[in-house]
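There are 2 protein chains.
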Amino acid sequence: MEEYCIGVDIGGTDIKCGLFTLEGTLLSRWELPTDLSDSGSHIISDTAASIMEKLKGFHLTESDIKGVGIGVPGPVVGKDMVEVAVNLGWKEYRAAREMEQITGFWTSVANDANLAALGEMWEGSAAGCLNAAMITIGTGVGCGVVVNGKMADGFHGCAGEIGHIRLLAPEDIIGVCGCGRTGCLEQAASGNGIVKLVKREVIDRKRESSLSGLEAFSSREIFDAAKAGDPVAAECCEKLMGYIARACSVIACVLDPEVIIIGGGVSGAGDYLIDGIRERFREMAFPPLKETPIRIAALGNKAGIYGAAKMVRDM
Amino acid sequence: MEEYCIGVDIGGTDIKCGLFTLEGTLLSRWELPTDLSDSGSHIISDTAASIMEKLKGFHLTESDIKGVGIGVPGPVVGKDMVEVAVNLGWKEYRAAREMEQITGFWTSVANDANLAALGEMWEGSAAGCLNAAMITIGTGVGCGVVVNGKMADGFHGCAGEIGHIRLLAPEDIIGVCGCGRTGCLEQAASGNGIVKLVKREVIDRKRESSLSGLEAFSSREIFDAAKAGDPVAAECCEKLMGYIARACSVIACVLDPEVIIIGGGVSGAGDYLIDGIRERFREMAFPPLKETPIRIAALGNKAGIYGAAKMVRDM
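Same order as they appear, the protein sequences are chains U and G.
Positions in the first sequence are counted from 1; adding 91 to them yields our numbering.
Positions in the second sequence are counted from 1; adding 91 to them yields our numbering.
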């Protein structure tokens with residue numbers, strides 16, 4: 092009887108896997124390293140072998156498993172075709188078909204940011220909500236959108252690419268985005284973006300800051316400095332929070348979600364970040380929507396495997 | 092046997108009704124005037140009586156009808172509660188329950204702009220698409236969003252309120268929006284908005300234009316003047332097209348729809364408008380999405396009844 096499903100989250104460093112009941116209980120969680128050799132062509136077979144091994148340990152057979160859900164860092168079309176996943180070396184790769192051929196398990200693939208939103212909706216900060224958006228602030232800025240209880244993938248697999256909404260003020264534009272344009276949200280409001288903003292202040296403009304002496308610093312160190320009262324760091328954190336709040340206000344006007352979740356590495360800044368975003372959102376949002384809750388993600392780096400499992404469970 | 096459904100589109104002037112087969116064929120279309128007296132409290136009973144009369148003519152009984160779908164100009168929660176519909180005099184009105192109590196037909200209510208998108212997806216310019224957005228440029232700017240084949244209502248019934256995305260350049264902000272803020276899209280990129288832009292040029296700034304002598308002019312006359320080569324009108328039309336293109340680029344980053352449809356009264360400007368929006372969209376959109384088709388709506392003022400019928404058909 093199909094009582095279990097598998098959630099997989101493939102990243103550039105490791106592959107996270109989870110064995111779930113169809114009710115959402117995570118029974119076992121394990122990781123394996125991502126083998127990037129040969130254009131990432133061993134990734135799916137490594138994952139498949141690891142899953143089969145795990146199932147053997149649980150005395151589960153094919154008939155017990157509803158299927159495998161896989162999250163990947165790139166746009167996915169038709170729950171199978173990975174258009175491109177630069178960090179894995181994949182390009183136009185039918186990852187679901189590959190997994191199905193090896194394991195015999197019915198498989199579905201989707202973008203990792205979208206799956207994280209679905210995971211938070213299943214068992215995390217948006218539990219019970221049928222409409223939610225989750226903004227992931229990491230190296231860049233991504234977003235997953237759930238509408239009527241289902242993930243939005245987008246026609247080209249690009250739903251939630253809010254990091255490329257162009258809304259930076261001219262004075263905050265530093266260089267060109269990876270997409271070839273200027274002014275994209277993630278150029279200032281991401282982990283990389285805020286480092287660029289601070290470097291401009293302390294290196295190019297030689298402003299005094301607790302970060303001035305350092306060889307390099309991370310977004311985490313910037314937020315810590317801001318919390319400790321460093322005015323340059325605080326100013327740049329405020330810019331990040333203002334831009335994320337603006338993105339939230341845009342998402343609210345388009346989708347009116349029940350809740351907006353903030354996740355990703357930068358969300359480790361906690362209440363300082365969330366309170367700042369919420370305050371600015373209330374000031375700038377369309378008035379009927381200004382009380383839309385903005386919450387920190389609950390599942391951390393497990394959101395992806397939860398979402399991948401949920402996707403399979405619902406199909 | 093349930094083989095038919097009813098679509099209703101309630102406006103401030105008239106109520107449009109349609110009798111459909113479940114396959115999407117419009118068998119009969121009729122209208123009745125909107126009675127705005129007594130805070131619009133006769134609207135549903137008038138509509139119900141008109142439907143029953145029509146069904147009698149077709150020799151149809153309750154068992155032949157799957158249900159009634161109703162579109163209203165305002166936010167709707169839970170397919171029943173109309174939060175507010177200023178033009179009808181309604182406030183916190185359970186319109187679906189009222190219709191059900193009178194007719195015995197299962198009834199569902201939604202926002203009219205959202206239903207127009209669903210209608211275009213069923214039998215119009217987005218036919219066959221599971222993911223589409225339809226921007227309605229009329230007095231204001233609205234938008235309906237369809238994700239995975241289902242309409243997005245939003246938690247407060249405000250999905251698609253893109254007219255209140257704040258993206259106007261400071262020089263194009265004239266006065267305060269109805270929502271109490273400044274810089275909202277619809278303050279420049281709507282029928283009312285473009286009239287304000289042109290009036291500022293020809294009246295306040297006394298610029299020479301073919302529209303200068305007129306007591307009043309409509310968005311239609313502005314587009315006609317632009318097509319005839321009037322530089323002031325053309326400049327303001329370009330602003331409108333640029334802002335709508337920007338809204339399209341935002342929607343593309345959030346939802347990546349298969350197609351974006353442009354409807355509403357201002358869309359009567361035809362290819363001049365659509366070509367202008369498309370050209371600007373291609374310049375400013377996230378590169379993987381810049382070929383997203385932008386098309387003019389096909390169903391005209393029938394989109395609402397098609398969408399209302401489709402909503403009931405799918406439930």
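Hints listed in this document are in silico derivations from the structure and should not be mistaken for laboratory results.
Possibly wrong hints are sitting among the right ones.
When chains are identical, the list treats them as one kind, so a pair holds in a single copy or across two.
[Claimed, not checked] Below, simulated DSS-like cross-link-like pairs (lysine-lysine); rule was C-alpha separation at most 25 Å, straight line:
| id | residue 1 | residue 2 |
| --- | --- | --- |
| 1 | K241 | K287 |
| 2 | K170 | K381 |
| 3 | K381 | K182 |
| 4 | K182 | K287 |
| 5 | K241 | K170 |
| 6 | K318 | K290 |
_Within, between, both or neither, where K381 and K182 count as close if Cα-Cα is 25 Å or less_ = between (41 Å within a copy, 20 Å between copies)
*Status of K287 relative to K241 across identical chains (alpha carbons, at most 25 Å)*: neither (36 Å within a copy, 41 Å between copies)
*Intra- versus inter-copy proximity for K290 and K318 (alpha-carbon distance at most 25 Å)*: within (18 Å within a copy, 50 Å between copies)
*Indicate which option fits the pair K241, K170 if close means a Cα-Cα distance not exceeding 25 Å: within, between, both or neither.*
both (13 Å within a copy, 18 Å between copies)
_Within a copy, between copies, both or neither: which one fits K182 and K287 at a CA-CA cutoff of 25 Å?_
neither (30 Å within a copy, 49 Å between copies)
_Alpha-carbon proximity context of K170 and K381, limit 25 Å_ = between (34 Å within a copy, 22 Å between copies)
Hint violations for this structure: numbers 1 and 4, all remaining hints satisfied.
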